[in-house]
Amino acid sequence: MTSRTRTIPDSPSPRRFFRYRPDQQWEAYLFILPSFIGFAVFVFLAILISLGLSFSDWGLTGWKGFVGLRNYQALIRDPVFWKTFRNTAFYIITVVPLQLGLGLLMAVLLNQGLRGRVIYRVLYFMPVVTTIVAGAIIFRLLLGSNGPVADLIYGFANLTGIPVSPPEWLNSTKNSKWAVTMLTLWKNTGFTMVIYLAALQGVPQLLYDAAETDGAGSWQRFRHVTLPMISPTTFFLIILQMIGAFQLFTEPFVMTRGGPANSSMPVVQYIYQNAFNFGRMGKAAAIAWFLFLFIFGATLLQNFFQKRWVYYEAE
Amino acid sequence: MTVTTPEAPLEIPAKQQGIIKSLLVQSLLLLGGIFMLAPFLVMLLVSLFPADALLTRNFALERITLQNYVETFQVVPFGRYYFNSALVAIVTTTAQLVVASLAAFAFARLRFRGRESLFLLYLATLMIPFIVLLIPNFLIIRQLKWFNSYWALIVPSIFSAFTTFFLRQYYRGLPIDLDEAARLDGASSFRIWHQVILPLSTPALAAIGIFAFNNSWNDFLWPLVVTATDEMRTIPVGLAAFQGQFSTDWNLLMAGAVIALLPVLIIYILSQNWFIRGIALSGMGGR
Numbered sequence: 533m534t535s536r537t538r539t540i541p542d543s544p545s546p547r548r549f550f551r552y553r554p555d556q557q558w559e560a561y562l563f564i565l566p567s568f569i570g571f572a573v574f575v576f577l578a579i580l581i582s583l584g585l586s587f588s589d590w591g592l593t594g595w596k597g598f599v600g601l602r603n604y605q606a607l608i609r610d611p612v613f614w615k616t617f618r619n620t621a622f623y624i625i626t627v628v629p630l631q632l633g634l635g636l637l638m639a640v641l642l643n644q645g646l647r648g649r650v651i652y653r654v655l656y657f658m659p660v661v662t663t664i665v666a667g668a669i670i671f672r673l674l675l676g677s678n679g680p681v682a683d684l685i686y687g688f689a690n691l692t693g694i695p696v697s698p699p700e701w702l703n704s705t706k707n708s709k710w711a712v713t714m715l716t717l718w719k720n721t722g723f724t725m726v727i728y729l730a731a732l733q734g735v736p737q738l739l740y741d742a743a744e745t746d747g748a749g750s751w752q753r754f755r756h757v758t759l760p761m762i763s764p765t766t767f768f769l770i771i772l773q774m775i776g777a778f779q780l781f782t783e784p785f786v787m788t789r790g791g792p793a794n795s796s797m798p799v800v801q802y803i804y805q806n807a808f809n810f811g812r813m814g815k816a817a818a819i820a821w822f823l824f825l826f827i828f829g830a831t832l833l834q835n836f837f838q839k840r841w842v843y844y845e846a847e
Numbered sequence: 015m016t017v018t019t020p021e022a023p024l025e026i027p028a029k030q031q032g033i034i035k036s037l038l039v040q041s042l043l044l045l046g047g048i049f050m051l052a053p054f055l056v057m058l059l060v061s062l063f064p065a066d067a068l069l070t071r072n073f074a075l076e077r078i079t080l081q082n083y084v085e086t087f088q089v090v091p092f093g094r095y096y097f098n099s100a101l102v103a104i105v106t107t108t109a110q111l112v113v114a115s116l117a118a119f120a121f122a123r124l125r126f127r128g129r130e131s132l133f134l135l136y137l138a139t140l141m142i143p144f145i146v147l148l149i150p151n152f153l154i155i156r157q158l159k160w161f162n163s164y165w166a167l168i169v170p171s172i173f174s175a176f177t178t179f180f181l182r183q184y185y186r187g188l189p190i191d192l193d194e195a196a197r198l199d200g201a202s203s204f205r206i207w208h209q210v211i212l213p214l215s216t217p218a219l220a221a222i223g224i225f226a227f228n229n230s231w232n233d234f235l236w237p238l239v240v241t242a243t244d245e246m247r248t249i250p251v252g253l254a255a256f257q258g259q260f261s262t263d264w265n266l267l268m269a270g271a272v273i274a275l276l277p278v279l280i281i282y283i284l285s286q287n288w289f290i291r292g293i294a295l296s297g298m299g300g301r
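Protein sequences, first through last, are from chains A and B.
Those letters in the first sequence? Residues 533 to 847, by the numbering used here.
Those letters in the second sequence? Residues 15 to 301, by the numbering used here.
Here chain A stands alone, though its shape is the one from the complex:
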């Protein structure tokens, strides 16, 4: 009981507050009921159906019976599944560090208190509020074979005499994933920046002053004061962006349709394809649970390693 009372600081008598009140028992259930019905159907029932599906044979004609682990076994032998899985891994490995690094860089720059700060913040955050579908269509134009980015690179080559030619992005099995990464960075870096900016403003000036008195240069202050102080935010952003990158779908779906030759297709699009284009609900559900296990495992792993580098003030 004592551990709970801490969270309600203004309560004059914590014990009175937590005393069991029979008159509130049913009342409380009534308050929770609307949301509970929703969770019961769209989360708890859905989880059961999804689990059942993943152990079932579900073709175009509907449910055909339980097949045990066969969906999962088939997955392990499915080369397309592994390809999409590697693609998703690529997105996580590229998007998460770049987004955090660039977001932190921008936040640190904006935190210098220079002029135009509000305008930059508005600008950087603009892609965050836009519909990603529109962003994907624009990037398809930008990165196309005869697009503006190609123009820029030709212009650069003409100007400097350096013989560079624009690479193929969208039509190349090698580079299509990078196109998706670029779009994701454009879309989400403003978000990490805003969160980092809030964290930076929470670092007490006192610590910087103390470090400066001890003769620490600006890099040392950043390395030994800023980074540890904002490490809880970094941890939070890593988890959040990792879970987001695991579930990446719209960007490649609209920009490249997962192509060419599945080279940019993420796992979620493969799930979508199996469920809604091929009608293989059982297989799709099995992939979704596989993905869940990976997200869960990765989160646990991060949580385990956080003790080594995340600094919590009040402990």
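None of these hints come from the bench; they were simulated from the model.
Ideal Cβ positions, reconstructed from N, Cα and C, are used throughout, including at glycine.
All clues stand as given, with none of them false.
Covered stretches of chain A, going by a simulated chain B footprint (3 or more residues, C-beta under 8 Å):
1) 560-573
2) 632-644
3) 660-670
4) 771-782
5) 804-818
Starting from the known structure of chain A, fit chain B onto it as the hints suggest.
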């Protein structure tokens, strides 16, 4: 702001160093700003010129036309998409706030058996990724005969464990004396929720409301799965379908993108402070 240390080996005076540094900072910021803004500018430019302008790179000012917008409105029912998106986002957000706030009130301020374990159950659902629920929810919607209806677009999105969690945290921070005093005056729990807690939680409701509204407005995968006709499509799904039909008519596509983005961007620029604070706050779990 100056970075000189007593034993700085460089001979550059502190003032000049400051200027060099601020120049570097400004140019990096500008570069980032260009990267963020350029896609919007290209979109606007291409949308304002005839189809051949992009091919020939002939963007002479006297060729500016609104013809692409007229044509886009003729081939795509954007008005309908707007209506659908607005209706879905407004109803979803309002219902989500009411439902979550009721539950959060009970979790934060009422005493009942099973409170902690029930709340833990709610928290646990935060770990279930949306993709796991996508297929069963689609089957449930089909079973309810809600496929391609507003019910399908709205009802499953109303229930948010995150919003409940967020509001519960906020309600726990409000002094409990308020409830006790109201109870002494004979107020029911419902009245306390309605007349004491709700008015006090406007900032929290606004922050999480903006977050929910933006999520609903920009949602793509769920509306894609449960809609089949133009009558029911929201803006993102309609825009994607438009791209499927006119995949290389860049002038029309860009006009469509402008039409899709303009209202959100206008609202955003007018209320950017609220927007950024709201999304940052709820993105950080209210910390």
